Amino acid sequence: MKKTFNIGGVHPKDNKITADAEIEVFPILDTAYVSMAQHLGAPAEPLVQKGDKVKVGQVIGKPVGFISGFVHSSVSGTVTAVEPMPDLAGIMVMHVVIAVEGDEWEEEIDRTPDVKREINYTSEEIIEKIKNAGIVGLGGAAFPTHVKLNPPKDKKAEYLILNGSECEPYVTADDRIMREQPEQIFIGAVIMMKALNVTKAFIGIEENKPQSIAIMEKVGEAYPQINVVILKKKYPQGGEKQLIDAITGRKVPSLGLPIDVGVVVQNVGTSLAVYEAVQKNKPLIDSVVTVTGHCFSQQRNFLLRVGTPFSRIIDAIGGLPKDVAKFISGGPMMGKAVSNIDASTLKGTSAFLLLTEEETKRAEEGNCIRCGKCIDVCPMGLEPYLLNKLARQGGNYDKLENEKIYDCIECGCCLYSCPAQIPLLDIIRINKAEVIKIMRNRSKK
Amino acid sequence: MKKFIVSPAPHIHSTGNTKSLMRDVMIALTPTLLVSIYFFGFSAIKLVLIGAITCVVVEYVIQKYLLKTKVTVNDYSAALTGVLLALNLPPNSPWWIILIGSIVAIGIAKMTFGGLGQNIFNPALVGRVFLLISFPAIMTDWTIPQSWFREGIDAISGPTPLAIVKEGLSNGQNMVDIFAANSFSTKEMLFVKMGGSVGEVSAFALILGLIYLLMRRVIKPHIPFAIIGTVFVLTGIFWLVDPTQYTDPIFNILTGGVLLGSIFMATDYVTSPMNTKGMIIYGIGIGIITVLIRFFGAFPEGISFAILIMNSTVPLLNKYCKPDRFAKEVNNG
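So the sequence lines, in the order shown, correspond to chains A and B. Using my numbering, the letters of the first sequence map in sequence onto residues 1 to 445. Using my numbering, the letters of the second sequence map in sequence onto residues 1001 to 1333.
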């Protein structure tokens, strides 16, 4: 029986245009712009200066604080600037700019295609290697992976769940790596299981990726401790809480983490990065990015170096498509609109989506007709119409807290479904942040 | 310079909107409309057109000249109210009846509360009940108008089966005699039921509409099934206790406005609960009140009143019936 989560969800059109496009290595850049804010948490501190020579894989930024991470150079060449530059939303973030000269890698990195199956490291060594490789979650939030693999002492992980659901329309990066590097993903999972000291893992894949399922099931025969679970197609299946519900039936408590129900969730892309870091000494310097949309013809899956400017990707697909109206980093449901086309990709970038005005247009807001669709689709069982109403009256933070606004995972199902096009999530997102701030201040007292 | 859009996620939207939902309800009503036109001819067309046009005009005038707000008649909701009102009237109603009903429905029941989404009571039913109380003779005159297609049956006075039963019981007859005298057949009631309002002619056509609405996910099954189930069970109990005084459950579902009311009137988004628990309570309430009015009230039919009474409980039902939350526990750590 195919599994899925129990409450809410929507079925946007798949649009997986690039599902059958093999991963292509993107041409070497002229200049890489590597952001120091690659991860959730504090940005890294640059370790290089203007004029320094760097190699591919060399550390150029070190973590600041517990939730932070290392940043490595994704190219070889000369550092031409270390300065704040606008990111994709126009916010100033410290960047290291490198003029590319050749493609010289750090010597300890194993660039052979051989698959290394034997794991010769202890749990602590694995976590240390993952930390030093600057690995972050590639499912969207870019949470530092070593932190997730090192849960607090009073919490015990029982299961590792790999997220191969890729429920966002258009995006096919995970689908491609599951088809092209399945064994590496399984080895990455075994490595993380060792780090977490768990004996059971699941890989959840949605039914709309039959080739991935077939390949992963076949390769998985050699890994009896890891189960491939076929999931129904439903967004937001890849949300951590939804995925855990779908596979184990466990419900992560409000304001809680997966580890509270004994689960750690990692993306399949992260698993591949873990394999490369631990077995091949390769830090996270590139990722598969789906470049897609209906307004141009050369939709591709690229293996992109971190720090590739979006404008460079547009050149590679034959220039700016005539009808494009919106650039999105990520999928259409949760991705971020790109306002600065000169900004560059991050470790966690999974897609670059180009939409036309027709595809992305929001109609004028109408009256709520109380149809209840937002309640039906909310995967957290909230009442978005009510949150919107309370929020717009102003100052109702206590009531919003009672209605569990803090549970919102910002999946966008409510706004996607609303027949009156009320900007439910926009309003909820702002007020959720405010309510969580109030709750934090209260618990500090 | 070319302009690009920057806005928060989600970046795509489902194709459904208020207009398409209203259009789906219209499509679901098409079989019923066609059957009505087949049996009642010009009279049905006249009522539906006057209803729809009056409702649209009244809403337009109020929005444009009285409230001076944005005119939203192109969302079809006003037109739908007019059509539903027409379907709830006797087929031989004069033109001014639906005109007055439409003005009351939109002008009083909808716009005084603030327009679409704001009204507490179903506008079409407010219009109907206003007419029923103001013009009881016309509203219970079930004369069948001239039909284009079925000659020879015109001008037969055909009271509704429910009215015949009520009349018979008040004259001291028992159910067996009433049924023997009137030959109600289930088959006839399912497909063609003479005597009744414009939209009640064919249960089959109404059920086709229900299937369409469910398939298109315009409505959820909870409200219609809760109403029909409650009517069935409750009338079934009375009927089993005393079949000489009470009609049987199938008869009760197929007659009067139970199907029209439960499929098209009680499911009106604005005036029905927004989540499933509320919908079930609301449906059961409508079922109980309908049966009580039929068996013990002054009127032969009670679903309009039942829906309006339960409409008034919707804000409370919305407040106290919460959906199942994903997370039952809160982590305070």
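Each hint should be verified, as a subset may be incorrect.
With beta-carbon atoms standing in for the labels, derived distance ranges [claimed, not checked]: (1) 1221(B) - 365(A): 26 to 36 angstroms; (2) 1057(B) - 441(A): 51 to 61 angstroms; (3) 402(A) - 1113(B): 55 to 65 angstroms; (4) 364(A) - 1006(B): 10 to 20 angstroms; (5) 1006(B) - 224(A): 42 to 52 angstroms; (6) 1221(B) - 214(A): 30 to 40 angstroms.
To give an idea of the interface, some chain A residues facing chain B are shown, with a C-beta separation under 8 angstroms as derived from the structure [stated by the list, open to error]: (7) 179; (8) 241; (9) 248; (10) 255; (11) 259; (12) 327; (13) 371; (14) 372; (15) 380; (16) 383; (17) 407; (18) 416.
In case anyone wonders, no lab produced these hints; they're calculated from the structure. Everything numeric in this text was worked out from a predicted model, so none of it was measured. Here a beta-carbon is modelled for each residue, glycine too, at the ideal position from N, C-alpha and C.
Quick rundown of the hints versus the structure:
1. 1221(B) - 365(A): 26 to 36 angstroms: holds (30 angstroms)
2. 1057(B) - 441(A): 51 to 61 angstroms: Since residue 1057(B) and residue 441(A) have Cβ atoms about 55 angstroms apart, the given range 51 to 61 angstroms holds.
3. 402(A) - 1113(B): 55 to 65 angstroms: violated (27 angstroms)
4. 364(A) - 1006(B): 10 to 20 angstroms: holds (18 angstroms)
5. 1006(B) - 224(A): 42 to 52 angstroms: holds (49 angstroms)
6. 1221(B) - 214(A): 30 to 40 angstroms: holds (37 angstroms)
7. 179: violated (26 angstroms)
8. 241: Since chain B brings a Cβ to about 7 angstroms from residue 241(A), closer than 8 angstroms, the hint holds.
9. 248: violated (14 angstroms)
10. 255: At 5 angstroms from the nearest chain B Cβ, residue 255(A) passes the 8 angstroms test, so the hint holds.
11. 259: Since the shortest Cβ distance to chain B is 11 angstroms, the answer is violated.
12. 327: Since chain B brings a Cβ to about 7 angstroms from residue 327(A), closer than 8 angstroms, the hint holds.
13. 371: Constraint on residue 371(A) satisfied, holds at 4 angstroms.
14. 372: holds (4 angstroms)
15. 380: holds (4 angstroms)
16. 383: Since the shortest Cβ distance to chain B is 7 angstroms, the answer is holds.
17. 407: At about 6 angstroms, which falls below the 8 angstroms cut-off, the nearest Cβ of chain B leaves the hint on residue 407(A) intact, so it holds.
18. 416: Holds, because the Cβ-Cβ distance from residue 416(A) to chain B comes to roughly 5 angstroms (cut-off 8 angstroms).
Consistency with the previously given hints fails for numbers 3, 7, 9, 11, ordered from lowest to highest.
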